[in-house]
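Student: Just so we're aligned, residue 4 is where the sequence shown starts under our numbering, counting upward by one.
Fair warning: there could be bad hints in the mix.
[Unchecked claim] Using C-beta positions, here's what the derived DEER-type ranges look like:
| id | residue 1 | residue 2 | range |
| --- | --- | --- | --- |
| 1 | Gly141 | Asn94 | 17 to 25 Å |
| 2 | Pro65 | Phe137 | 13 to 21 Å |
| 3 | Asp25 | Tyr144 | 45 to 53 Å |
Keep in mind the hints are simulated off the structure, nothing from the lab. All residues carry an ideal CB built from backbone N, CA and C; glycine is no exception.
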Amino acid sequence: MSKATALIGASVNIRVPFHDVDVMEVAWHGHYVKYFEIARCALLDKIDYNYAQMRESGYAWPVIDLHIRYAQAAYFGQEITVLAEIVEWENRLKINYLVTSLTKQQRLTRGHTIQVAVDVSKKEMCFVSPRILFEKLGVPYE
Numbered sequence: 004m005s006k007a008t009a010l011i012g013a014s015v016n017i018r019v020p021f022h023d024v025d026v027m028e029v030a031w032h033g034h035y036v037k038y039f040e041i042a043r044c045a046l047l048d049k050i051d052y053n054y055a056q057m058r059e060s061g062y063a064w065p066v067i068d069l070h071i072r073y074a075q076a077a078y079f080g081q082e083i084t085v086l087a088e089i090v091e092w093e094n095r096l097k098i099n100y101l102v103t104s105l106t107k108q109q110r111l112t113r114g115h116t117i118q119v120a121v122d123v124s125k126k127e128m129c130f131v132s133p134r135i136l137f138e139k140l141g142v143p144y145e
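Hey, can you work out the whole structure from these sequences and the hints?
Tutor: Structure below.
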């Protein structure tokens, strides 16, 4: 994970399903994006600002950047934990991810996503995150 201090986090446990692996029973690298998304949705639910609530508040939050660093493979049937933590929120929403083996507590993958607020009515990107995000995070809006 980055050296940034996490404001809030959420984790999910996933058993790597058969349809996510190749002939060698290794999870295909592209499925980690899905695992990140599952953890991100749990995190957004935790702060009571999921995608439906974002839309209702008048903002879309597209992912504009995604980075993944693979350290070790995940295998069919393996229990993994995906931790998602908010580390930036003032001008963009940066979420760090850490994928570990549930049983061995070894790091498998880490990464981050960056999302920006888009005012749906104006179809314009916001250069400062909207007040509602600060409220949901419980931090002062400056």
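Student: Confirm or reject each hint.
Tutor: Status of each hint after checking the structure:
no.: 1; hint: Gly141 x Asn94: 17 to 25 Å; result: 18 Å, holds
no.: 2; hint: Pro65 x Phe137: 13 to 21 Å; result: 20 Å, holds
no.: 3; hint: Asp25 x Tyr144: 45 to 53 Å; result: 47 Å, holds
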